[in-house]
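There are 2 protein chains.
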Amino acid sequence: MIKEIANHRSIRKYKSSPIDEEVLSDILHSAARASTCGNMQLYSLVVTLDARVRAELAPCHFNQAMVTEAPCVVTVCADVHRFSKWCEQRDAEPAYDNFEWFLNAATDALLAAENLALAAEAHGLGVCFLGTTLYTARDICRILHLPKGVIPLTTVVIGHPAEQPPLTDRLPLDAVVHYDRYKDYTDAEIDELWAEKEASPETSALLAENGLPNLAQIFTRNRYRREDNIAISRAYFELLREQGFFNQ
Amino acid sequence: MIKEIANHRSIRKYKSSPIDEEVLSDILHSAARASTCGNMQLYSLVVTLDARVRAELAPCHFNQAMVTEAPCVVTVCADVHRFSKWCEQRDAEPAYDNFEWFLNAATDALLAAENLALAAEAHGLGVCFLGTTLYTARDICRILHLPKGVIPLTTVVIGHPAEQPPLTDRLPLDAVVHYDRYKDYTDAEIDELWAEKEASPETSALLAENGLPNLAQIFTRNRYRREDNIAISRAYFELLREQGFFNQ
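Line order of the protein sequences matches chains G and B. Using the numbering used here, the first residue of the first sequence is number 329, and each one after it goes up by one. Using the numbering used here, the first residue of the second sequence is number 329, and each one after it goes up by one.
Each pair may be met inside one copy or between any two copies, as identical chains are not told apart.
Computed cross-link-like contacts, EDC-like style, restricted to lysine to aspartate or glutamate with a CA-CA straight-line distance of at most 16 Å: (1) K341 to E491; (2) K341 to E397; (3) K525 to D502; (4) K343 to E397; (5) K525 to D497; (6) K476 to D512; (7) K476 to E566; (8) K413 to E520.
If you're looking for bench data, these hints aren't it; they were derived computationally from the structure.
Okay, chain G solo, but in the shape it has when bound:
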C-alpha cells in the first residue's frame, strides 16, 4: 500500500513553523495532477497563509485552534468561474451554471484535495479535512472574496504535526464493498459489521461521557441533529443558487 495512504490520519495539533516554499509548491502541483473533467480544471485552491486571514476564517471552523495554529489552510472550491470567463473572452457561450457542472467541479476539486493531502503527508506534514466548510460556506465566500461560479466544499489544514494519534478504525471492508451489484444488508449483517466498533473501549468511553445507550444515538442525538442538518442543507442549497450553480 502507498505509504501515505496506509499512514493517513487527521492531525489536529500543529506547530506554528511555516511550510517550506518548495514543499508547498510540490504539494500544490500534486493536487493539479489529479484527473479533471475534460481537463477543464474546475476548481480553485485558496491557500491561506496570512495569519490575519486565518483568524477571520477561524469562526467558520468553530474556532478549532488548528486553523490559527497551523501555518496553512487550503479552502478547496468548485470553480466554473475561471473557465466561463475564458469562454466569454473567446466568443464562446459558457453553460456551466447548473447542477451538473457543480457536480463535475466538485469531483475535480475533491480528487485534487486528496492528492493535496497525500502530497503533504509525503513531506512529513500533517493534514486535517474540515467538514465545517459546508456549514459556514456563505461566510467563507465573503471572507475569501469568492465570486459567482465558485463555492467552497472542504478545507485542508496543513502543517508540521505536534501530535501523532493512532490510526482510526474502519468498518470491515465488506461494509463498503459490493461485488458486481449492490447487495442490501440484512439486519444481522449490519450488527456484524458494527460489532467490533461497538465493543471497543473508545465506544464504552463515549457512552459513559454522553450518557447514551449506544453509539448510533451519539451520532443522531448529539453530533449531527436533524434540525441542524436541515438548516445546513437549506443554507448551502440557497448559496448554491446564489453562486450560480442552479440555473436549469
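Fit chain B to the given chain G structure using the hints.
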C-alpha cells in the same frame, strides 16, 4: 512528488487479464483509509467484475470499449443507506436524507476514489474516471440495484494498461491557486493562463478537425452543450430527490 501522483494519466485501452485478488484487496483497503466525515464511511464501492454486468453498464458509459475490455469497473457511490439502517436498528433516528449529507457522503466517496485510483497505479494498473456516470445515473441505479440513500457519482475503470499515453497538460499552477483570498482574473491574466494550451499542436489539430475558430468553442459548441447540460442537471437532481437526498 509521490510517484503515482506524478505519473497519473487516464488509460482508455486495457488488456482483458484479471486483477490479482490480493492486489484488488489492497486497492480497496487503500480506498477505505481515506478521511471520512465523522468516520461514518458514507460511500459504497460497487466493484463489477462479472463481464455480463459490465456489458449491462456499457451503454451508461456510451459504450466506451474499456468498460467491457477492462476486468474491473468500480462505481463510486454516496451512501447514507447503510449508516441509516444501522441507526434504525439501534433505536436512533437517522437524519441523513438531505442535501448536506449528500455533500458529506459525496466528499467521503470522492476522497476514497482518488485513493483507489492511486493504489491501483501503485500496482502497475491503469485507471480511468468516467464522467458519464452523472449523465446516466438513473440507469446505473437500476442496473446495480442501488437502494434509496445511495447514488452514483463517478466510475473508475481499472485494469492492465494496453497503452501508455503521454501525460496531459495542465494550466499553469497560478490558474488554480490563490494566496490568502481569491483574486479575480483580469482579461489579460486569462489570456496568459490559456496561452500555452491554445498555441499547442493538439489544439491546432482539434480546431482543424472541428472546423471551429478556437478551443473554447470546441467545449461550448461540441463537447458540452447547454441543452445537454440542462437536461443532465434536471435528471440528476430529480434522481437525487427520489433517492432520498433532498428532504428539507
